[in-house]
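Protein chains: 4
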Amino acid sequence: MGRILRRFGKTAYAIVIFFAAVSVAFGGVRTEIEIPDIPGYLTLKCDLHLHTVYSDGAVWPTVRVDEAWTDGLDAIALTDHIEYLPHAEYGLSGRNRPFEIAKGRAAEAGIILINGGEITRSWPLGHSNAIFVPDVEMLNIEDARKSYEKAAELGAFVFWNHPGWRMPNEIPVWDEVQEDFYQSGLFQGIEIVNGETYYPLAFTWALDKNLTILGNSDAHNPVALDYEKNTVRHRPVTLVFAKERSEAGIHAALRERSTAVYHENTIMGKAEFLKPLATAILEVENPEIIIGERKYAVIKLTNHSCLDIELERGADECPLNLPMQVVIPHRSTAVFSVSGKLNDLVGQTLELPFTLTNFLVSPEQKLAIGLSIKLVPKTGN
Amino acid sequence: MGRILRRFGKTAYAIVIFFAAVSVAFGGVRTEIEIPDIPGYLTLKCDLHLHTVYSDGAVWPTVRVDEAWTDGLDAIALTDHIEYLPHAEYGLSGRNRPFEIAKGRAAEAGIILINGGEITRSWPLGHSNAIFVPDVEMLNIEDARKSYEKAAELGAFVFWNHPGWRMPNEIPVWDEVQEDFYQSGLFQGIEIVNGETYYPLAFTWALDKNLTILGNSDAHNPVALDYEKNTVRHRPVTLVFAKERSEAGIHAALRERSTAVYHENTIMGKAEFLKPLATAILEVENPEIIIGERKYAVIKLTNHSCLDIELERGADECPLNLPMQVVIPHRSTAVFSVSGKLNDLVGQTLELPFTLTNFLVSPEQKLAIGLSIKLVPKTGN
Amino acid sequence: MGRILRRFGKTAYAIVIFFAAVSVAFGGVRTEIEIPDIPGYLTLKCDLHLHTVYSDGAVWPTVRVDEAWTDGLDAIALTDHIEYLPHAEYGLSGRNRPFEIAKGRAAEAGIILINGGEITRSWPLGHSNAIFVPDVEMLNIEDARKSYEKAAELGAFVFWNHPGWRMPNEIPVWDEVQEDFYQSGLFQGIEIVNGETYYPLAFTWALDKNLTILGNSDAHNPVALDYEKNTVRHRPVTLVFAKERSEAGIHAALRERSTAVYHENTIMGKAEFLKPLATAILEVENPEIIIGERKYAVIKLTNHSCLDIELERGADECPLNLPMQVVIPHRSTAVFSVSGKLNDLVGQTLELPFTLTNFLVSPEQKLAIGLSIKLVPKTGN
Amino acid sequence: MGRILRRFGKTAYAIVIFFAAVSVAFGGVRTEIEIPDIPGYLTLKCDLHLHTVYSDGAVWPTVRVDEAWTDGLDAIALTDHIEYLPHAEYGLSGRNRPFEIAKGRAAEAGIILINGGEITRSWPLGHSNAIFVPDVEMLNIEDARKSYEKAAELGAFVFWNHPGWRMPNEIPVWDEVQEDFYQSGLFQGIEIVNGETYYPLAFTWALDKNLTILGNSDAHNPVALDYEKNTVRHRPVTLVFAKERSEAGIHAALRERSTAVYHENTIMGKAEFLKPLATAILEVENPEIIIGERKYAVIKLTNHSCLDIELERGADECPLNLPMQVVIPHRSTAVFSVSGKLNDLVGQTLELPFTLTNFLVSPEQKLAIGLSIKLVPKTGN
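Residue numbers (numbering that gives the first Met the number 0), protein chains in the order written: chain S, 0 to 380; chain X, 0 to 380; chain H, 0 to 380; chain E, 0 to 380.
Check each hint, because a few of them may be wrong.
[What the hints assert, rightly or not] In silico PhoX-like links for lysine-lysine, alpha-carbon gap of 25 Å or less: (1) X:Lys294 / S:Lys102; (2) S:Lys44 / X:Lys228; (3) E:Lys102 / E:Lys242; (4) E:Lys102 / H:Lys102; (5) S:Lys228 / H:Lys228; (6) S:Lys228 / X:Lys228; (7) E:Lys299 / H:Lys228; (8) E:Lys242 / H:Lys44.
[Stated by the list, open to error] Sample of chain X residues with no beta-carbon within 10 Å of chain E, all distances over it, derived: (9) Ile32; (10) Ala87; (11) Pro133; (12) Ile288; (13) Cys317; (14) Met323; (15) Pro362; (16) Pro376.
Keep in mind the hints are simulated off the structure, nothing from the lab. Backbone N, C-alpha and C define an ideal beta-carbon position, used for all residues, glycine too.
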């Protein structure tokens, strides 16, 4: 995949010597994340927790834009630690610098770049990201509560990062300080996935306490060193269901809790978003099935997404015998058969009950769906 | 990929025991071959040379349908040898039997199944396929010319198979018998690709003598044992540019020479088809490029196909510096930059000259294309 | 992968016309299954349940040998249904024919080919394979018990196939007839995996009743149509721990219950075999770790297998902090760190407690292992 | 692949806060490059041209070590531009700093880290790397010749980088200044591959003028953003045939011209190294072939490397008919057949003549090899 990037890099590098101050020019190959829009919303793919050399990350800020382009993202937030700056001794400083360095590249690439910072405290408070911050330096306040209050005052969106980090068995604890800050409205979201770690309890809290659900990479390394681009090992992505593809659109959607998380081969979020998403992804190719002398009917089901979709026979009653499990690889069509007294059902429309094993509407519950088919009689010869 | 197939297979197998005479029920996962339609034509994907256990192949006829479904094909022809029947001693006979056995499955799968046979003679005549044959038994005639004449009488389409097979260095020879049969109109097409072998000279002949271009697998083994499904190692496919998706539509298109060949990562055929195909595949995402103070402009080029597209700087004059090479992996967008006196060109529409290295309009010539961009001035802010 | 096969196929096909009665000559590319031998045993990879066109399968018998070669197997058994012969009407008959047709190819490929048949009855008895059968026709007996007794008399090894097939939720039932036949020694093994289905209860029975554990594909289709060759979607394999690579060696090992099952990314079997297998697969690259001023030590762990190995922190006490989870992709080396009061432990050898999440010694229990490291003091400067 | 890295990263990150000054701890998964040793030499895999944030690269110096570990390298050189320091305005300076920052990580990972710098001049001189430099600051001399002379004085090894860069059609020009410096012994090697660009003319020069052959990535971006790890799209690697795995061993081998280049699916270098390498990679599994009544013999050929090896029938005379082409995918065994008057040749040892199409001993010439087989008579029954 690097071919065009390298070539372009070299050509542009020549230019760079004479005209610009960026190190390597924008280039590369983009592959879209195929998760469709839903009625009334665009489905934006976002990673809202990223580090650079300006705190303890290992890449120049522009790399985060190039990676976002490559990985098919719409938006990223740069969220270096506000208080932990190990590269300062090497000369790197300035809490808005990553954003300033990367914003030209983001404009060129068409990536929405969001300025932010990670308010970094010890436990039990832990770390939170404040994003949509006009000036991150203003959050560099010793008193933690005051820092959060300043974020609120600046109109930032604040979410609790990796809530189980350094806890026994990585199980998060909702301490007094969280309850206090939550009651005061000082944070509005929570990462239920951070890097490779999924926090089921945080998912439950998000649903119960009406917090915005997020899943981010928290990448310190180059993303492509830690992740692959396949169906399972991609970086986690916050799916933002937004009215428009813009920074304002994302900000509004986060405030409205209109998100889900795409982690490994799973989507996690509220049923109100996952249900239309499933409907947009799965299509019965032959919704009208002609019933002849056969005792079984063949159904062709297409998966319009980059996930490998897994269906299980649902718990609801169904007059037909359904397969126990159906797997439809990404961007493919699977065939399965249903059997039963088909002739008795001619003329009826049935909702075949399935559950999507990789769509979680809570840590314990998979999304239930019905695949609609109509049994029609064979006509003429 | 086998998951759903196995499960379905078992369920259906149970049914089979009681109701049917087929061995394994239709199932599996289909992935489309992403080569788009062109204006005025559907681009049908066909493999018109396949063997079964009924001659010297190793699979039951229905397997050819399942493989076609899996591989994203629209149509296949079953073309067992008419004269070479090594499994007859095991009890298998009947030159229309493969078609009869497989046609129910083809209807279920939505695959267009074409009946045919391979007229198998020694050199210099060699082998030819006759397809769209209502009764293959009628071609079982000792005199080769009479067999071809019968095929013509039956309205069959006849093409010369693997013309370089068993020739020194696999270079085909246009012998007297070919000239004779060609002058008599006894064959209308030629395989320029058979299995993994490409015959450049056959491609030249096809262009010079107005023969239909074909590329087929000639599979004897299970296709998935010999090929993979990736961009390079797929089975060869005849692209048929047809007015309708039907047996008649394919027959008409073959007669009109409206075909190309998709072999490994290359498409080969006449420029009149490859040019609109390239246009349908490649899209400049930002056709209007705003020229500001920069000395270079970034172009985003999307590849809407399953091929990895390779562009080279074309030979035509261009006022801009273009990259020597651009590679766009399948279903991706690549970025590259062009530089030059952009400000002098504002307001102009340029055709950036490139050649597609994997689109061959003859054995020696790659397709030339122009990518259209308009340079527009930056306005206000 | 098909390249060499096709070329060879064609060359040999030419020969075939004049000299042989096989359809397509042996060819293809073999990739070994990398699961190492264990002390005292060779680890043979076997698929002991396969169908051909001679019952309700879809491939010519030689295809099963070619597939075995390609997939890196040592041995296969051909086990067509004895009583269910849907292709007989097409002229195919003879219960030893598949073996006779394929044995020459097996000798050429170096694949151990075992003759067998599937004794096919309705429920509750279901289906069993009898393998190592000199003449399968002798098992064609109407009375089921007599068929099993004849198999015993002929020295066959008999195992119960897909025990949960057609049961509600695919959960097997140990009926009176199984108890009766088991008490009479009429079957000695059981499939705990058949195709894509895993029967945990059958695994429990195998352990409790001392039955040989088997996992087979039961392929009717071409294997490569239903499976891929990657770490997860390969066909199931019975690992036979044998004293020699021969039919007799496999027969003896099956009688001695010396087997395990390799299914998806998991190995299932008795701890007495899985423990040495884990030891042969996992190697600490730096077993002597030099302890300096650091508070953590880096361990490099190599995975000498084709599985993606997953380790979890074990339940046993350990003076060091271990990571919760370590994943080592196939044929790779992973690095992880352990921390704690390393200086207090210098000179000690520790067994770091882990469990292998993809090594099951029962349906509920994962294999526990200890990774041995010695903490040595830093010497010299 | 990122799993273990992330987990480890987080654990170590906790430590980092309190004890260390590195940003992200060492971790990740390593996959070896399977190119074997040859008699008398270790085959070390090296990338001797890499940039970091300290000149115009985009990664922190430790990333180059992590990437080297991940990619299966033995050694890397850090070669930031000496004169072009676009990030100096952001506070980053010090020409030995990248080496100092990364050396602890290299020790931990077992990667040989070589200090160096890129002497960066305009054309016709262009860019050269000086490596094995104890203090890169000493090469920061305005006069180019003096900088090269200082490198020589310091015992550095110097090679000309990307010699065709910015030349028309990327064809290098051997200018007066190269001739002068070459005659003065101021450079000893040349990149015949840089990034994705191969310079055939530089390969010719290297052979004619006895220059050390190199192929390096010249990575500015994260390597995994520009390259993949598969057989074709990996970063270019200089294969160093060394007497020992150490910095001194590499330095000696470079001075002795004992190198080759591994680029895409090709190895390029002198026949004296490529011949033993081919012998170490290719193994005939059945060197003694029993000749019975068959007219053909089956040969099994194993490829012990990560390349997909391609053989073509060689030009030399051979009493047997050989296939035109044989492809053996990485780490696999291919089967092909040879035919002819085998019975007349019994008792003879034959060298079957092939050329390796992906082993280039000059831009125009592929390596010729002979596969040794002995035809032995069938004995006994």
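Status of the hints after comparison with the structure:
no. : hint                : result
1   : X:Lys294 / S:Lys102 : holds, 19 Å
2   : S:Lys44 / X:Lys228  : violated, 29 Å
3   : E:Lys102 / E:Lys242 : holds, 23 Å
4   : E:Lys102 / H:Lys102 : violated, 60 Å
5   : S:Lys228 / H:Lys228 : holds, 20 Å
6   : S:Lys228 / X:Lys228 : holds, 19 Å
7   : E:Lys299 / H:Lys228 : holds, 20 Å
8   : E:Lys242 / H:Lys44  : violated, 40 Å
9   : Ile32               : holds, 22 Å
10  : Ala87               : holds, 23 Å
11  : Pro133              : holds, 39 Å
12  : Ile288              : holds, 24 Å
13  : Cys317              : holds, 15 Å
14  : Met323              : violated, 6 Å
15  : Pro362              : holds, 18 Å
16  : Pro376              : holds, 29 Å
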